[in-house]
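Engineer: Build the complex from these two chains, which are given one at a time in their own frames, with help from the hints.
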Amino acid sequence: MEDVASLSFLAATIAASWRLAAPLIFASIGEVFSERAGVLNIGLEGVMLAGAFAGFAAAFTSGSILLGVAAAITAGVLVGLLFAFFTITIKADQIVVGAAINLLGLGLTAFLFRAYFSSAGKGIEIAKPVDLPWLSDLPFFGEAFFRQNAFVYSTLPVAALAVFVLYRTSFGLTLRAVGEHPKAVDVSGRSVALYRYGAVLICSALAALGGAFLTLAHSNQFVEGISSGRGFIALAVVVFARWSPIGAFIVSLLFGVFYALQLQLQAQPVLFLPYQLFQALPYVMTIAALILVRNRVDTPSMLGVAYKKS
Amino acid sequence: MANSESGQPLAVVPQVYGALWRGLLGPLRTIIQPAAAVIVALACGAGLLAFNGYEARAVIDVMVLGVFQDTRSIAEILLKATPLILIGVGLCVAFRCSIWNIGAEGQFYAGAIAATAVGVSFDGLTAWIYVPLVMLAGALAGAAWAAIAGLLKVYFRASEIVTTIMLNYIAIIMTSYLVTGPLRDAPAAYPQSARLVQEAWMPRILPPTRLHIGILVALALAVVMYVFLFRSTRGYALRVVGISPDAARYAGISVPRNIMLSICLSGSMAGLAGAFEIAGVTRRLFQSISPGYGFEGIAVALLANNNPIGAVFSGLLFAILRSGSELMQITAQVPQVLVLVIQGIVILSVVGFAVLRIPSMRPSE
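Line by line, the protein sequences are chains A and B.
For the first sequence, the working numbering puts the final residue at 531, and the numbers step up evenly by one.
For the second sequence, the working numbering puts the final residue at 378, and the numbers step up evenly by one.
Hints are supplied without guarantee of correctness; some may be wrong.
DEER-style ranges, computed between Cβ atoms [as the list claims (entries may be wrong)]:
id	chain 1	residue 1	chain 2	residue 2	range
1	A	Leu382	B	Phe81	39 to 47 Å
2	B	Ala260	A	Lys529	18 to 26 Å
3	A	His402	B	Pro145	52 to 60 Å
4	B	Val240	A	Gln487	47 to 55 Å
5	A	Thr282	B	Ile44	40 to 48 Å
Examples of chain A residues lying across from chain B (beta carbon under 10 Å, computed) [unchecked claim]:
id	residue
6	Asp314
7	Ile316
8	Leu327
9	Thr330
10	Leu333
11	Ser339
12	Lys343
13	Gly344
14	Phe453
15	Leu484
16	Ile512
Negatives, chain A to chain B, calculated, CB over 10 Å [what the hints assert, rightly or not]:
id	residue
17	Thr282
18	Phe332
19	Leu382
20	Tyr388
21	Lys404
22	Asp407
23	Val408
24	Val460
These aren't lab readings, by the way, just hints derived from the structure by calculation.
On a predicted model such as this, the values are computed, not experimentally measured, just so you know.
Think of the CB as a built atom: it goes at the ideal place given N, C-alpha and C, for glycine as much as any other residue.
This is chain B alone, in the form it adopts within the complex (with noise of 0.2 Å):
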């Protein structure tokens, strides 16, 4: 939560020292924070690995060691991190609003889906077009089954925790229905859609591995995002409303135009990086598409205390996270699932270590 500035007349020398302190500490704390409930939740995976008779020390080596082998594994790493950092970044919007949407999952499947329906269907567009469409498409479907939600909290006070959720599970099945049905490829004994026209592809920046230009659009979105929340007017009065709609009220700020920017802003970043999943690595629409990238923004977002430059970090680790629990399964045998123990932790451990705080650093009250 956003420190306030002390503005009390107190003692000059404590002020000046308190200031010191927090100049010097402040950015240290920032970081130092995630990086114990990251290491914390390392240990706890490691210590659950060894517990049920793996061999910890070579699974963290094979882990530390493949995933950055080469060009390759590198450019696999951000073509996981792309989503993770764009359904993070989106997060720390919505929950800086204090809008609980655990729906990003549901978000991404919806702007696959337009992606997908967009990217199969024209003809004779020039990639310059069409690209930016299948983006814009995604984005758009993303934010409109968020919008679903936020209406529902505006006019119906119905809780956007539950009805998030309940949208993710109905996104999914009406995946499941399209690839089944109406997107199916005939000839394709697998559910599948189609593929996409050659010129919604995304581009990929280094061939010959398949990182796409997904990447650099999500880092561009993180300095935007930041830049919305902490330094503009409407940002501020977004973050008013999450801290206290009833301050924000008596301030004149519209809560329900706050929660609709903030879920819609959310579920954009959500579907884009699904419009992202299809038109630069998979090209086809599937069953699973995802393989829980909504969750893990979740994580993504709080580890970097919701804050969408700290998301690009946190999205980093957990892309590494995700490659490294890859290859422990394929040459260790260690089940993949591991990854949400640890993110699990992770969460518990930020919320742990945020209640030590240095007394010091306080601002006097």
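Same shape as in the complex, but just chain A (with noise of 0.2 Å):
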């Protein structure tokens, strides 16, 4: 019997991996295109935040999830605007600037909430678990892998696709090669400043994705600051992922566990442990995780420095 237990705890314990992983793949994805293009987005808390609020506001008012998603990409895409015009364009430091998105993330959700939803006391219909034919009957497996939400499955595509923009095609070689040696690029006559504002869309337009999920898809309400560390978590991920797409993709699963771990821990009260100590796993495992990943030698070389023509 207690076999029985231990192996549907495991199952509940990876479907809510992946689960709670969904929002740390799009950001982290979205934020390897970012710096692999040489720009360092520490505002990816703040556009996930734009992304919760603009989701939960469209899909409140107009009962689409569909709706919310699109509103919460357009947000997202202002918000890298933003950032974009300020780093790239006015070549300020990237660092404050993205402390200063993240400080108008939390505001303007917080002010916007407040202003209009305050009194709006029911949340939203999330978005519901999808079965698939046959393979979610499966025993163990099924309801873990083939029993999610679109969001969630909507990972995998994500990742096949920024691993194929990024390798094969010449957007992505150029992308990369911004990042490295953005001189070269200019030299051959293409826009340094017009691939990093690319870089920095597709990043902030998938950091606001990550951010709609916690609110159309996870908790059915939008709570002032809901992305509690995720956008910073993410940006320890792809270091710890060494800049790739496919590790983002893994290291937020590794993540996703630790979050799943907090919860289901903090729902068995036979441990003699404070309920604290879950909740701080995940933030202690990103710390853990930068101790890790001593070599860095695969940093693009010119990550925060801004492009200057001589």
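Structural biologist: Structure below.
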């Protein structure tokens, strides 16, 4: 009997891991694009919040999750444009602008939420799990892998598309060159700024999608600061993944396990440990991940450096 | 960034004019740019209010009139300015070394925890010993919490941006554990620590208001940090590391040592701010003891162009904004989080205006 219980615990944990990894997968793959092009976007947290709020607001008023997703991506692109304008066009310090974006994202979403939705007690109808015919009925794995919502499934094509774009298209090649040797790109007659804009916009659209997951598929409400550090954890995920989209996918899954364990263990009163210990797990593991990656040879060499034409 | 003095022997006359320009406009510009940034941010804030159906005029009237109403309201501003100035001044030191310490919030919590632990523990100490002891505990705890991120950067090249933010969450969760567990005041319904022993309370300097000696310490430390950064060899070395680690290495300046120094100094200031908040204002530890002072300190330092003296003024300004926004919330139901928006726009405006340089003021190249 105990085996069955622990087996179902395992299945539930695996299912939850993938689900809870989804926002990190979107955000970290986005950040891979941005950092590969040499732009360190620490404003991910703010972008995720913008996506979470815009998604919630649109879905709440229209009743359509699809519209929510569209609104989230639009909001992400707008915030991304702001970030790109200051870091690429004005060449301001990427960290300073990122910090400002985080403050703006936190403040603006909280302000608008309190102004318009604070009295709206009920939440929205979140994305339902989609059963895949036949596969969902498989014992054990069926539920973990084939009874997820559309957001979670879409992490797979997004990761595959990211790999294809980055490594199999000339856009991706140029984008990576912009992060390693922008001068070469410039000399070959292509605009460094344009590629960096492209990378930042892809990054913020994906991060906003990750934020939208939180309100459209996870919790049915917007809460101030709902991303609770996921944007920053995604930054560490990218380092640990050595700037590879597949790596970002896998490392995000690992963090998904920490989030899932946190939830599962908090619900187990038998353990004589304070629940805060599990709450801190993803954050402690983020630091641990950074300690484990001492070798940084894969870092894009122009990361964080504004390109100035000489 | 420090203006390099032009040493090239060019024509004498333009140099004299240049010096004159710099002499007159330089100080003016250091004020004009942040002032313009603040005006832009406030205008955006007012626009946001109007756009969302609030009566911006009425709200601003409430803010301006209410904030400077009487001694008490001014004391409350100074009370809020104390942690902002302390944290902002500390971050000036870190940012001048190009150490992006985003963890002042966590260091504030660490200081608050240590101050509480010390402040509830001893009996029979005189205030002359107890008050400095509480301050020391807070500063040391803040420095130690920041040192974790410093060591991780020095030994593992872990980005301090990520580690300090993670340490924020960990410190906040730790506080939640402590006030619901080991430090919990048993009879209280709400999770909070016991009250500090009276001898550990910060002496008040303007009774009957709550204003305490923290503001004086903050002002003194701003001057000390200014002198350290801009008038001492060690401070110079720290700034060289911030501008170019390679140049520093070449000049025989230890980069790791300056990283540790700058992050620990900024951490100790944030920790001290936490100790003041506990021993001067709340006298107990709560779960959310900081209303985001640690993050606001970033805007304070950046608006001051990472100058500790400037941070005094930007700290005061943000304290006024914070008091005003509290009034707005009470009297006009305007969400107080508007302050965060204004902070974000202030930072963007500061970096935006930094691009617009008056050409004749550039040192001749």
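Engineer: Quick check: which numbered hints come out false for this structure?
Structural biologist: The structure breaks hints 1, 12, 13, 15, 18 and 24; every other hint is satisfied.
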